[in-house]
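Chemist: Whole structure, please, built from the sequences with the hints as guidance.
Protein chains in written order, with my numbering: chain G, 1 to 128; chain L, 1 to 128; chain R, 1 to 128; chain E, 1 to 128; chain V, 1 to 128; chain P, 1 to 128.
Keep in mind that a hint or two might mislead.
[Stated by the list, open to error] Residues on chain R that point at chain P, a partial pick, calculated with CB under 10 angstroms:
(1) 22
(2) 100
(3) 101
(4) 103
(5) 104
(6) 105
(7) 106
(8) 107
(9) 108
(10) 127
[Claimed, not checked] In silico DSS-like pairs for lysine-lysine, Cα to Cα no more than 30 angstroms straight-line:
(11) V/29 / E/70
(12) G/70 / R/29
(13) V/29 / V/70
[To be verified] Pairwise CB distance ranges (calculated):
(14) P/123 / V/50: 23 to 31 angstroms
(15) V/120 / P/18: 23 to 31 angstroms
(16) V/16 / L/85: 56 to 64 angstroms
(17) R/33 / L/85: 35 to 43 angstroms
Keep in mind the hints are simulated off the structure, nothing from the lab.
Backbone N, C-alpha and C fix where the C-beta goes; we use that ideal spot for every residue, glycine too.
Number of protein chains: 6
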Amino acid sequence: MSESTRPHPDHAATFSPAAFRLARAEGNKRLRGSGELFESFFALDGAAYQAGALPVATKELLGLVVSVMKDCEECVYYHLERCDEEGVSRDQVVETLQIALVGAGSVTVPLLRRAMSFMSRLPRLGVS
Amino acid sequence: MSESTRPHPDHAATFSPAAFRLARAEGNKRLRGSGELFESFFALDGAAYQAGALPVATKELLGLVVSVMKDCEECVYYHLERCDEEGVSRDQVVETLQIALVGAGSVTVPLLRRAMSFMSRLPRLGVS
Amino acid sequence: MSESTRPHPDHAATFSPAAFRLARAEGNKRLRGSGELFESFFALDGAAYQAGALPVATKELLGLVVSVMKDCEECVYYHLERCDEEGVSRDQVVETLQIALVGAGSVTVPLLRRAMSFMSRLPRLGVS
Amino acid sequence: MSESTRPHPDHAATFSPAAFRLARAEGNKRLRGSGELFESFFALDGAAYQAGALPVATKELLGLVVSVMKDCEECVYYHLERCDEEGVSRDQVVETLQIALVGAGSVTVPLLRRAMSFMSRLPRLGVS
Amino acid sequence: MSESTRPHPDHAATFSPAAFRLARAEGNKRLRGSGELFESFFALDGAAYQAGALPVATKELLGLVVSVMKDCEECVYYHLERCDEEGVSRDQVVETLQIALVGAGSVTVPLLRRAMSFMSRLPRLGVS
Amino acid sequence: MSESTRPHPDHAATFSPAAFRLARAEGNKRLRGSGELFESFFALDGAAYQAGALPVATKELLGLVVSVMKDCEECVYYHLERCDEEGVSRDQVVETLQIALVGAGSVTVPLLRRAMSFMSRLPRLGVS
Numbered sequence: 001m002s003e004s005t006r007p008h009p010d011h012a013a014t015f016s017p018a019a020f021r022l023a024r025a026e027g028n029k030r031l032r033g034s035g036e037l038f039e040s041f042f043a044l045d046g047a048a049y050q051a052g053a054l055p056v057a058t059k060e061l062l063g064l065v066v067s068v069m070k071d072c073e074e075c076v077y078y079h080l081e082r083c084d085e086e087g088v089s090r091d092q093v094v095e096t097l098q099i100a101l102v103g104a105g106s107v108t109v110p111l112l113r114r115a116m117s118f119m120s121r122l123p124r125l126g127v128s
Numbered sequence: 001m002s003e004s005t006r007p008h009p010d011h012a013a014t015f016s017p018a019a020f021r022l023a024r025a026e027g028n029k030r031l032r033g034s035g036e037l038f039e040s041f042f043a044l045d046g047a048a049y050q051a052g053a054l055p056v057a058t059k060e061l062l063g064l065v066v067s068v069m070k071d072c073e074e075c076v077y078y079h080l081e082r083c084d085e086e087g088v089s090r091d092q093v094v095e096t097l098q099i100a101l102v103g104a105g106s107v108t109v110p111l112l113r114r115a116m117s118f119m120s121r122l123p124r125l126g127v128s
Numbered sequence: 001m002s003e004s005t006r007p008h009p010d011h012a013a014t015f016s017p018a019a020f021r022l023a024r025a026e027g028n029k030r031l032r033g034s035g036e037l038f039e040s041f042f043a044l045d046g047a048a049y050q051a052g053a054l055p056v057a058t059k060e061l062l063g064l065v066v067s068v069m070k071d072c073e074e075c076v077y078y079h080l081e082r083c084d085e086e087g088v089s090r091d092q093v094v095e096t097l098q099i100a101l102v103g104a105g106s107v108t109v110p111l112l113r114r115a116m117s118f119m120s121r122l123p124r125l126g127v128s
Numbered sequence: 001m002s003e004s005t006r007p008h009p010d011h012a013a014t015f016s017p018a019a020f021r022l023a024r025a026e027g028n029k030r031l032r033g034s035g036e037l038f039e040s041f042f043a044l045d046g047a048a049y050q051a052g053a054l055p056v057a058t059k060e061l062l063g064l065v066v067s068v069m070k071d072c073e074e075c076v077y078y079h080l081e082r083c084d085e086e087g088v089s090r091d092q093v094v095e096t097l098q099i100a101l102v103g104a105g106s107v108t109v110p111l112l113r114r115a116m117s118f119m120s121r122l123p124r125l126g127v128s
Numbered sequence: 001m002s003e004s005t006r007p008h009p010d011h012a013a014t015f016s017p018a019a020f021r022l023a024r025a026e027g028n029k030r031l032r033g034s035g036e037l038f039e040s041f042f043a044l045d046g047a048a049y050q051a052g053a054l055p056v057a058t059k060e061l062l063g064l065v066v067s068v069m070k071d072c073e074e075c076v077y078y079h080l081e082r083c084d085e086e087g088v089s090r091d092q093v094v095e096t097l098q099i100a101l102v103g104a105g106s107v108t109v110p111l112l113r114r115a116m117s118f119m120s121r122l123p124r125l126g127v128s
Numbered sequence: 001m002s003e004s005t006r007p008h009p010d011h012a013a014t015f016s017p018a019a020f021r022l023a024r025a026e027g028n029k030r031l032r033g034s035g036e037l038f039e040s041f042f043a044l045d046g047a048a049y050q051a052g053a054l055p056v057a058t059k060e061l062l063g064l065v066v067s068v069m070k071d072c073e074e075c076v077y078y079h080l081e082r083c084d085e086e087g088v089s090r091d092q093v094v095e096t097l098q099i100a101l102v103g104a105g106s107v108t109v110p111l112l113r114r115a116m117s118f119m120s121r122l123p124r125l126g127v128s
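Modeler: Here it is, written out as C-alpha cells:
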C-alpha cells in the first residue's frame with residue numbers, strides 16, 4: 001500500500017454528509033443481516049430516541065454527549081445530522097460540546113475539532 | 001481492619017443527600033485550596049452549566065450522561081440533585097438514563113441501580 | 001457520618017454471594033419497574049447469553065472479560081457466579097482473567113484481586 | 001495535504017488481510033527493537049493466548065472482546081485473523097460480537113460494522 | 001446486610017496507609033499464587049518503574065497519571081505512597097494531578113478529592 | 001467515494017510533523033472562535049503545562065501518558081513534538097511509553113507503534 005493514502009490525523013471532514021449517511025446505512029444493513037440480536041438492538045436504540053418526556057431534539061443532544069464521551073467519531077456525525085434535522089441551533093450544539101469538554105477534558109479536543117468541521121457542512125447548522 | 005466494614009457492592013444508597021452535599025463541598029474546598037488551577041477549573045465547569053442557548057435543566061441532564069458514561073458515582077448523585085433543584089421530572093431523568101444505557105451497554109446497570117436508589121431520596125424526584 | 005464506616009479499598013469481599021444475588025435482584029426489579037425500555041434491554045442481554053454456536057459457559061467467560069474491561073465490580077461477581085453454575089473450572093476463569101490483565105494492563109489488578117477473593121466463596125469454584 | 005485523501009469514516013475495510021499482517025509485523029519489530037520491556041511484554045501477551053485449560057480458539061474470542069471493549073480496530077482485525085486460523089465459525093464470532101454490543105452499547109456499532117467487513121475478506125470466515 | 005455499613009461515596013480516606021499496604025500485599029500474594037502469568041506480569045510492571053533514563057520519582061508521577069486516567073483508586077494510593085517514599089514534593093504531586101484534571105476533565109474530581117485526603121496521611125507528603 | 005482512499009489501519013505516519021502542526025492550529029482556531037469557553041479551556045490547559053515544581057519536559061511526558069491512556073492519537077503526536085522541543089531524550093520517551101503499556105495493556109500497542117513512527121520524523125528525537 002502506498003503511504004500517500006494515509007490521511008492527516010487532524011483532517012477536516014471532507015466527505016459529504018450524504019455519502020456518510022449512505023455508507024452507514026449499508027454497514028448497518030450488513031450488521032442486521034448477520035444475526036437477529038443486532039436487529040433487536042437497533043430497535044431498542046431507536047426506541048430510546050423517540051419523543052417522550054423529553055423532546056427528540058434534547059435526546060439527540062444527549063446522544064451527542066454519549067458519542068463524545070466514548071470517542072465515537074461516526075456516532076458524533078450521526079447525532080449532528082439528527083440535530084440538524086430536528087432544528088437544534090448551532091449554539092445549542094456548541095454548549096453541549098462544551099459540557100463534554102469540561103467533563104471529559106482536553107483529550108476530547110481532536111474529536112471536537114472534527115465535529116465543528118462536520119457541522120459546517122450540514123444544511124442548517126452549517127449556515128448559521 | 002475488620003472485614004465487617006465492607007459494604008455490599010450492590011447497596012442501596014443509604015446516606016442522606018444532605019450529608020453527601022456537605023462532604024462534597026468539604027472535599028472541593030480542600031481541592032481548591034491546593035492550587036490555583038483547581039479553582040479555575042471549577043469556575044470553568046460552573047460556566048459550562050450556566051443558562052444559555054440551552055436551559056439549565058437540559059444541561060444538568062447532559063451532565064448526568066457525562067457522569068454515567070465515565071462511571072462517576074458521585075457525579076451522578078450531584079447531577080441528580082441539580083435536576084431535582086431545577087424541576088426536571090422523574091420521567092425525563094429516566095429517559096436520559098435509558099439513552100446512556102443503550103449507548104454504553106449493560107456495564108452501566110449497577111450505576112443505574114444506584115442512581116434510581118439515590119433519586120428516591122430526593123425531595124421532588126423521590127415523590128413522583 | 002462516622003468515618004469508621006469507610007471500607008478498606010483493597011478489601012476482601014466479605015458479603016455472601018447469596019446476599020449479593022438478592023440485592024442485585026431487588027435493584028434490577030426497581031429498574032425494570034422504572035420504564036419499559038429497561039425491561040427490553042434486560043431481555044436482550046439475556047438473549048445474548050443463551051446457548052447458540054457457543055456454549056453458555058464460554059459466553060459467561062466472554063461476559064467476564066466485558067466486565068473487567070469496564071471495571072464493573074458487580075458485573076464481575078455476577079459472571080463469576082454464572083461461571084460457577086455452569087461448571088466452568090477455576091483454571092478456565094484464571095486464564096480468562098489473565099487475558100484481561102495482559103489486554104488492559106496493571107490498572108485491572110485491584111479488580112482481579114477482588115475477583116479472586118469473591119471466587120473463593122463460591123460453592124464450586126471456591127473449592128478447587 | 002489534499003483533502004481528498006480523507007477516508008470515509010464509515011468505510012469498508014479495503015486493504016487485504018495479508019497487507020495488514022505485514023504492516024503489523026513491521027511495526028511490532030520496530031517496537032521490539034526500541035527497548036527490552038516491549039519484547040518481554042509481547043512474550044507475556046503470547047503466553048496468555050497459549051492453549052491451557054481453555055482452547056486457543058476460545059482465547060481468541062476472549063481477545064476479540066478485549067479489543068472491542070477498548071475500541072482497538074487493529075486488535076479486532078488481528079483476533080479475527082487468529083479466529084480464522086483456529087477454525088472458529090462465523091456464528092461463533094457473531095455471537096461474541098453480540099455479547100460485546102449488549103455489554104458496551106451502541107457506541108461499539110461502527111467498530112462492529114468494520115469487523116464484519118474485515119471478516120468477509122478472510123479465507124475461511126469470509127466464505128461461510 | 002445492614003444498610004448502615006454503606007460508606008459515604010465522597011468519603012475521606014480513613015484507613016491508615018500502613019493497613020492499605022498490608023491488604024494490598026496479601027491480595028497480590030493470592031493473585032501471584034493463582035497462576036504463573038500473574039507473577040510474570042508483576043515482574044514486568046516492576047521493571048517498568050526501575051530507574052533508567054528517567055528517575056524513579058518521575059516514573060511514579062507517570063504511574064499516578066496512569067492511575068487517575070483509569071479511575072483506579074487503589075493504584076492512586078499506591079503511587080502516592082511511592083511518591084512519598086521517593087521524596088516527591090507535595091507541589092509536584094499537585095501539578096501532576098492538575099495535568100490529569102485538565103486532560104481528563106471534571107469526572108476525575110471525586111478521585112482527586114480522595115487522592116488529596118490520602119496524601120494528607122502520608123509521612124512526608126502529609127506534613128508539607 | 002472510492003474505496004482506494006481507505007488507509008491501512010496499521011499505517012506508518014506519513015504526514016510531516018509540520019503539516020500536522022498547521023492543521024492542528026487551524027482546527028483549534030476554529031474551535032476557539034466557536035465560543036468563549038473553548039478559549040478559557042485552552043488557557044487552563046496551557047497553564048497546567050507551565051514550568052512550576054515540575055519542569056516543562058516532565059509535564060510533557062505526563063501529557064504523553066494522558067494521551068496514550070485515552071487513545072488520543074493527535075494528542076500523542078502533539079506531546080511528542082513538545083518533548084522534542086524541550087530536549088527530552090528518546091530513551092525517556094520510550095520509558096514513558098513502557099509505563100503506559102504496562103499500565104494499560106496490549107490494547108495500547110497499535111498507538112505505540114504509531115508513536116514510534118511519528119517520533120522517527122521529529123528533528124531531534126528522530127535522529128538518536
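Chemist: Could you check the hint for me, namely that residue 33 of chain R and residue 85 of chain L are 35 to 43 angstroms apart, CB to CB?
Modeler: Roughly 25 angstroms apart at Cβ, these two residues miss the hinted range, so it is violated.
Chemist: Can you let me know if the beta-carbon spacing of residue 123 of chain P and residue 50 of chain V is within 23 to 31 angstroms?
Modeler: holds, 30 angstroms
Chemist: Close enough to count: is the Cβ of residue 106 of chain R nearer than 10 angstroms to one in chain P?
Modeler: holds, 5 angstroms
Chemist: Would the pair residue 70 of chain G and residue 29 of chain R pass a check requiring their Cα atoms to be no farther apart than 30 angstroms?
Modeler: holds, 28 angstroms
Chemist: Regarding the hint that residue 104 of chain R lies at the interface with chain P, is the smallest CB-CB distance below 10 angstroms?
Modeler: holds, 4 angstroms
Chemist: Would you check whether residue 100 of chain R satisfies its interface hint, that is, whether its CB is within less than 10 angstroms of any CB in chain P?
Modeler: holds, 8 angstroms
Chemist: Does the CB of residue 127 of chain R sit less than 10 angstroms away from some CB of chain P?
Modeler: With a closest approach of 31 angstroms, the residue 127 of chain R hint is violated.
Chemist: Does the CB of residue 101 of chain R sit less than 10 angstroms away from some CB of chain P?
Modeler: At 7 angstroms from the nearest chain P Cβ, residue 101 of chain R passes the 10 angstroms test, so the hint holds.
Chemist: For the pair we were handed, residue 29 of chain V and residue 70 of chain E, check the Cα-Cα distance against 30 angstroms.
Modeler: holds, 28 angstroms
Chemist: Interface hint check: residue 105 of chain R, Cβ to nearest Cβ on chain P, cutoff 10 angstroms. Holds or violated?
Modeler: Given a least distance of 3 angstroms, the restraint on residue 105 of chain R holds.
Chemist: Given the hinted pair residue 29 of chain V and residue 70 of chain V, is their alpha-carbon gap at most 30 angstroms?
Modeler: holds, 23 angstroms
Chemist: For the range 23 to 31 angstroms, tell me whether the beta carbons of residue 120 of chain V and residue 18 of chain P fit it or not.
Modeler: At roughly 47 angstroms between Cβ atoms, residue 18 of chain P and residue 120 of chain V fall outside 23 to 31 angstroms, so the hint is violated.
Violated hints, in rising order: 1, 10, 15, 16 and 17; the structure is consistent with all others.
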